[in-house]
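Asker: Take 1226 as the starting number for the sequence shown in our numbering and just add one per residue.
No lab work stands behind these hints, which were simulated from the structure alone. C-beta atoms are modelled at their ideal positions from N, C-alpha and C, and glycine is treated no differently. Some hints here could point you the wrong way.
Pairwise CB distance ranges (calculated) [to be verified]:
#, residue 1, residue 2, range
1, Pro1518, Glu1319, 54 to 62 Å
2, Asn1252, Ser1443, 33 to 41 Å
3, Ser1443, Phe1285, 48 to 56 Å
4, Glu1494, Ala1235, 42 to 50 Å
5, Ala1235, Ala1495, 29 to 37 Å
Here are the simulated EDC-like pairs of lysine to aspartate or glutamate, each with C-alpha atoms no more than 20 Å apart in a straight line [stated by the list, open to error]:
#, residue 1, residue 2
6, Lys1311, Asp1332
7, Lys1342, Asp1332
8, Lys1377, Glu1259
9, Lys1268, Glu1375
10, Lys1273, Asp1295
11, Lys1357, Glu1319
12, Lys1338, Asp1295
13, Lys1340, Glu1319
14, Lys1264, Glu1319
15, Lys1273, Asp1308
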Amino acid sequence: MAALSVIGLAILVGIFAYLLVPDASPNANRQILELATQKPGFKVRMLKVCKNNVRSGESFFHEMFFGKKDRYTYVPVTGYHFDKGKITVKIFDEDGDGLTKSFALADVLFPVKGKQKVIGNRIEYTSLNGKKHFTTIDKLKALVLQNSLESKIFWLGTDQFGRDLLSRLLLGTRISLSVGFISVAISLLVGILLGSMAGFYRGKIDELIMWFINVVWSIPTLLLVIAITFALGKGFWQIFIAVGLTMWVEVARVVRGQMMSVREKEYVEAGFALGYSNFRIMMRHILPNILSPVIVISAANFAAAILIEAGLSFLGIGVQP
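Using the sequences and the hints given, assemble the complete structure.
Answerer: What follows is the structure, encoded as structure tokens:
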């Protein structure tokens, strides 16, 4: 029951990952190079600078499954001060030698076209649709303090590109489960097909399929996956196919043995006597009665597929980060 609870929790995390992660950008790929390789629990103040582009109106479900593009550029700062119509910040640096950089207040808060104009205590800026806006510097300062400066905690630290590791870990759950499910589906499709043909027809077909099974089985799994990956290229779906095509041999051998045993049962002989086709006898009368060992092998292959994909990622040829 505990194992089922863990699997259920992992599935929920995989489905709703983008609603849970601190970094909801696509693939949690918000790179802040100044924060590379920080330790767990690292805390820093961020200045959010609005990007000057039109926000795409993606649906809730699209954002839930694919994430949403950042509206802001995140700048880690250790200090700041206001200077007329600008905010000047000291960018975070572990050695304390961070550079200073200035941002126009309107550019921090809104997507704008061109540069703002400072007229005394007032600011004029133009939005992307060409409409001009007038406001006071004090009002923009208050908005920056309220909305654009925030503290962020990286609970598991950051990677070498300054990406949040907690977000990457939660999204990685989706990748691992996908590799497991799809690889097992491919192995079942190929293994049941070839195993059923070998066990049902026997003779030359059995010898040919068994020769092919033994050839594939003689190659180390990880080396075969690497070879298929090089042939198909790096990518999300290529890894699924590569792992799935190396895990079907166990399924095929078990299905073949069970098919040979069950084929001699009385109800199968009755099917032949009634004139049923070979396909119907295999699919409707034999396969449903040999699924128990196939389910056990599928459970083992599910875990093995996740471990193989992790090994490929360690070697740099897995699903790309």
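Asker: Output the indices of the hints that this structure fails to meet, ascending.
Answerer: Violated: hints 5, 11, 13.
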